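> Given chain A, work out where chain B should sit, using these hints.
Each protein sequence line maps, in turn, to chains A and B.
First residue of the first sequence? That's 1 in this note's numbering, and the numbers climb one at a time after it.
First residue of the second sequence? That's 1 in this note's numbering, and the numbers climb one at a time after it.
It cannot be assumed that every hint is accurate.
[Stated by the list, open to error] Which chain B residues face chain A? A few, computed with CB under 10 angstroms, are given here:
#: 1; residue: K77
#: 2; residue: K120
#: 3; residue: D123
Keep in mind that the hints were calculated from the coordinates and are not lab data.
Being a predicted model, the structure only gives us computed values, none of them experimental.
Glycine included, every Cβ here is placed at the ideal spot set by N, Cα and C.
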Amino acid sequence: MNDRLKTTQRKVVNESGIEIQQLYTAQDVQASGGDAMLGQPGAYPFTRGIHAEMYRKQPWTMRQYTGFGNAADTNQRFKYLIANGQTGLNVAFDLPTQCGLDSDDPQADGEVGRVGMAIDTLRDFEIAFDGIDLDKVTVSLTINGAAVVLIAMYLAMAERRGFDLKSLRGTAQNDILKEFIGRGTWIYPVQPSIKLVGDTIEYCAQHAPKYSPVSVCGYHIRESGANPVQEMAYAFCIAKAYADEVIARGLSVDEFAGRLSFNFNIFGSLFEQVAKFRAGRGLWAKIMHEQYEAKKPGSMWMRMIAGGGGGGLTFEQPELNVVRGAYYALISALSGAQTMALCCYDEAYTIPSEYAQRISLRTMQLLIEEMGLCDTVDPMGGSYYIETLTNQMRADMERVMADVDARGGIVKLVASGEVQADVSRQAYQRQLDIDSGAFRKVGVNCYKIEEKDPQVEFHPYNQADAQAQVARLNEVRQTRDAAAVAKALLAVQQAASSGANVMPAVVEAVKAYASVGEITRVLTGVFGHYQEPVNVY
Amino acid sequence: MTELSRPIKVLLAKPGLDGHDQGAKVVVQALKAAGFDVTYTGLRQTPEAITQAALKTGADVIALSSMAGSHLAFCAKLKPLLEQAGLGKKVWMIGGNIPRQDHDALRAMGFSGVFQTGSKLEDITAFVERSVP
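Next comes chain B alone, as it looks inside the complex:
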């Protein structure tokens, strides 16, 4: 159980130009149903915009949904920005079309939750619940 006296705040972002947002919107609804305070950014988010949104919303969890294959390049750009903004200790997670061979690289970058297509919604919400101190 989380020690927060308020709901866990999750920022869910769609990085880059990819327009496949069905999964992101489904996850938004699952996170809200689990009681989290969720902000959905919508499409076409740059690393800078995601960092700003995470600061503005005071997110405990920064989640990305990526379907078009640019996740490694994008996360490599996002990581230093989040760290510089003092968000290095927040929970970072990513889901979508993420081939298995990229999971270790993403975890090494700091994305502790990696959820590929086919993940159960309850596994995603449980991860958020147990990852936020």
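The shape of chain A in the complex, shown without the other chains:
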């Protein structure tokens, strides 16, 4: 056993830097701010949950991140997950698609369909979602740099299949500022990238008002080295940057804020994570209410997907990741997440197998069916420890946000690479602490075993599938109306050059079967390419 656990005198500090006491009482809750920000579930400031009934009415949406090979392969996996009780889809695209490249681009060689589904034209989307009822199963697109094109494709596909855009639900990740900090599927420079996020929010507010065009991600900032308080604070700074972009165009906050959503990470201390989410909910509501003067309750809701915590999973003893995943799911349920997606146990090695996906799905179903997680709202509420930590973490999040503003704002700090450097320094320190054993990781620096080949089914890369994808792209290029494509691409170019919202022109272009790469090239021709600050580490 870890000798440090044997003494009661040890100093305990959580990852966010808050010292943890041996015992909490009502006095600690009072000293940290009492119940001023507590309230009731479904009422401002929503600390206890954004809905009054929460899971009593409906369990969280289950939405495993899925996609590989081509659209037909992915369509089959989607149907498998739906048949097994999954209630939403979370689409993984391959790297060429995420970077705005066609499957026949030289830079796409060896990457087509490898880490997600390859999409070149609307034809692929038609195949990917064939037979899936988009009114019953909501779809989340994990797409960022290329989001204008892929959102346009999703809306065009749904419309052609007869779904009413006025009631169509779904989500795009579309959080480009966090891509510059971590994850890296940026395309355009920082300012035009924010403008394009604004275009999607504005377009959806007008044409697809139930669609969530942005899911602001603390998740990847945490993966890049941020602590839990910073994860939330940076995400809120980024969400505010998008809100400011849209408000500057003349939209009122209540026209779009209800469709903003968030994506957060879970690994580390259970109590710290639960307090983090409760603190974040109250703070976001306060920001929207006090700073943006939102009137609709929905504009103040921190709606979130949470459950995955890739950074917590290990390459060593991968079967332990099944257990970690179950704890992360428990945390997510205790925290009142709207949607849950778990990282699969084999993800440190490969694209998850069908078997691993099913385990993740069953993990969530166990919580719903056997463990009583849907029986009552905010079950951790009222714990002296949780309430104190919630108050402390909310105050710390506000301090981090004030510090970002004092340093020039999140957009400036991302463009200069300062946020990237800050979180990267923390990641380096964490690795040093793991290497020294100061930060414990089971299977990595304690309780190690001699491991032979892990019981993991590797996802094969299929060159023939990649070639078939290129062949389908070529077939579309030969059969589409070339004049219509040229005209549509010119319209995209004109919209981008004039500073207009590019979405209407991009929607027309995808309907004419212009490809992801073709549209992206037009936009980079106007906006240029992002230059990564690499000398800050």
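Structure of chain B alone, referenced to chain A:
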């Protein structure tokens, strides 16, 4: 100990389209802390760009960080370019999500250092130290 009268020069590159750069940036800091002269390329490097950067920086060590599974295909493209550029005798190394069954193939290709996820930073810096003549 190295016989160089200057710090060892390391080029650390992110090959292909993979955006997982947390590990690469951590290794950059560890290599700098060990006293090496490190150039980090950033993301989306082609085999041609890595070869050019290695020539330009006069790198003693060419290191790749790969997390998205395309390491074998990428290294097969990079190897002849490095050799044609006269960089065949430099130290080549790779780290990241590299399954054990691929280690021998990478070593046979000339990547003498293979560091999978979970490697200690001091093992990486020690390898650089002892591999450069």
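> Against each hint, give a clear statement of whether it holds in the structure.
Tested hints:
Hint status for B/K77 relative to chain A: holds, with the closest Cβ pair at about 8 angstroms, below 10 angstroms. A least Cβ separation of about 5 angstroms between B/K120 and chain A falls short of the 10 angstroms threshold, and the interface hint therefore holds. Against a cut-off of 10 angstroms between C-beta atoms, the interface hint on B/D123 holds, since the closest Cβ of chain A lies about 9 angstroms away.
In summary, this structure violates none of the numbered hints.
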